[in-house]
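Please model the complete structure; the sequences and the hints are all you need to start from.
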Amino acid sequence: MSPAIVTPRNSRPAALRLLGLLPGIALLAALGFLGKLTEQSIARYGKAHHLALPNIEYVLWAIVFGLIVSNTIGIPVVFRAGVATYEFWLKTGIVLLGVRFLLGDILKLGSVSLAFVAVELALSIALMTALGRWLRLSPKLTSLLAIGSSICGVSAIIAAKGAIEADDEDASYAIAAILALGAFSLFAFPAIGHALGLSDHAFGLWAGLAVDNTAEATAAGALYSDAAAKFAVLAKTARNATIGFVVLGYAIYWARKSHRQGVENKAAFLWQKFPKFVLGFLLISLLATLGAFTKPQIADLANLSRWAFLLTFAGVGLQTNIRELRKQGLRPLAVGAIGEFAIAGVTLALIFAASRWLGTV
Amino acid sequence: MLCVDLGDQVMNLHMANQRKLTLDWWSVIAALAAAALIRFHILPHIPW
Numbered sequence: 001m002s003p004a005i006v007t008p009r010n011s012r013p014a015a016l017r018l019l020g021l022l023p024g025i026a027l028l029a030a031l032g033f034l035g036k037l038t039e040q041s042i043a044r045y046g047k048a049h050h051l052a053l054p055n056i057e058y059v060l061w062a063i064v065f066g067l068i069v070s071n072t073i074g075i076p077v078v079f080r081a082g083v084a085t086y087e088f089w090l091k092t093g094i095v096l097l098g099v100r101f102l103l104g105d106i107l108k109l110g111s112v113s114l115a116f117v118a119v120e121l122a123l124s125i126a127l128m129t130a131l132g133r134w135l136r137l138s139p140k141l142t143s144l145l146a147i148g149s150s151i152c153g154v155s156a157i158i159a160a161k162g163a164i165e166a167d168d169e170d171a172s173y174a175i176a177a178i179l180a181l182g183a184f185s186l187f188a189f190p191a192i193g194h195a196l197g198l199s200d201h202a203f204g205l206w207a208g209l210a211v212d213n214t215a216e217a218t219a220a221g222a223l224y225s226d227a228a229a230k231f232a233v234l235a236k237t238a239r240n241a242t243i244g245f246v247v248l249g250y251a252i253y254w255a256r257k258s259h260r261q262g263v264e265n266k267a268a269f270l271w272q273k274f275p276k277f278v279l280g281f282l283l284i285s286l287l288a289t290l291g292a293f294t295k296p297q298i299a300d301l302a303n304l305s306r307w308a309f310l311l312t313f314a315g316v317g318l319q320t321n322i323r324e325l326r327k328q329g330l331r332p333l334a335v336g337a338i339g340e341f342a343i344a345g346v347t348l349a350l351i352f353a354a355s356r357w358l359g360t361v
Numbered sequence: 001m002l003c004v005d006l007g008d009q010v011m012n013l014h015m016a017n018q019r020k021l022t023l024d025w026w027s028v029i030a031a032l033a034a035a036a037l038i039r040f041h042i043l044p045h046i047p048w
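Listed in order, the protein sequences are those of chains A and B.
Note that this note's numbering numbers the first sequence so that position 108 is 108, with each residue one more than the last.
Note that this note's numbering numbers the second sequence so that position 30 is 30, with each residue one more than the last.
Calculated directly from the structure, the hints in this document are not laboratory data.
We put the CB at the ideal spot given by N, CA and C, even for glycine.
Certain hints may be false.
To be verified - Have a look at the derived ranges for each label pair, beta carbon to beta carbon: (1) B:36 to A:43: 33 to 41 Å; (2) B:45 to A:267: 38 to 46 Å; (3) B:36 to A:55: 33 to 41 Å; (4) A:118 to B:44: 21 to 29 Å; (5) B:36 to A:136: 50 to 58 Å.
Unchecked claim - Computed footprint of chain A on chain B; a stretch qualifies when at least three of its residues, placed anywhere within it, have a C-beta under 8 Å from a C-beta of chain A: (6) 24-33; (7) 37-47.
Now the structure itself:
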């Protein structure tokens, strides 16, 4: 994670703080739009000169432009607060994407995804714990890596850090490892998917199940195709919904291990950790299913979701500082990498195995 | 440390209990507001 986007805590009035976000949001929009223009310009040039140029999606351009800015000139202070809003655009985009799903499809695909998530959770937790012990990582760092790789990356690690009373340093290592692997997956997954000839549905499920951060999972899906992005978001959202249960499990485990008082109100704990944007996603889908929107309005909302993702993808590039990731040490990264490869392989095998039933591959 | 700073200061996840609305809720409100504006024809056609 780049130190460049860490903003100082401040006590300015809300209106001033909102104004302070504008330069960074403008930077996200500019880089994202530049990515879109680049894709269109290359396609137009190829068409005009009768050249078969590869179609590189705006998603990749937006990320690459973000990476270039972040890793060369860095992000000036005035832009940092606004750049950090990329998480907000991601979640808003996901909620809006709910309009493209009928609620019945969400329940069907969501339950299939949840079944896969259950296997993926068990596997990642077991594997990361074994690898952490083997490479002699601290037990809490191992727990954080297991939580980060099994659910939703950075948010899960931050949610778990307080619950298991882990050190800042351990959380920092775990986040750096998950982010480095997320950046790698972003480029590796679409290449593997194309090499294996996966359908949009199968690839989307795979990216949603195996790529850790929601932003990277969405971007990997969008790099494959628009339809794959839809399925990646659905599978990832199902995975995110389990965050409370896993963090609660770890909180109880560590409380027992250190003989301190555990979680008193488990229902409140689960609600507190539950990602609320999932509810928004379901609500928009319910409204669309009930016919609250006309077809052109559904297209407008889907386009708005794409614009929100455009800002997110530029933010993914901007928040990845390769030098900072390299500083964090190799052992947590090694545990994460071995575990992630195994998880990617097993989830892919699961999707292949279920392909006859789902008609996905 | 830097990443934890980010979580603390930018995402404010550690302060979720103290804040009236979390980032998640703001994203839901923004999306629903946009949906209402489109539904009632206040926002014009959104091209891609």
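Review point. Are there hints from earlier that the structure breaks, and if so, what are their numbers?
Key: 4
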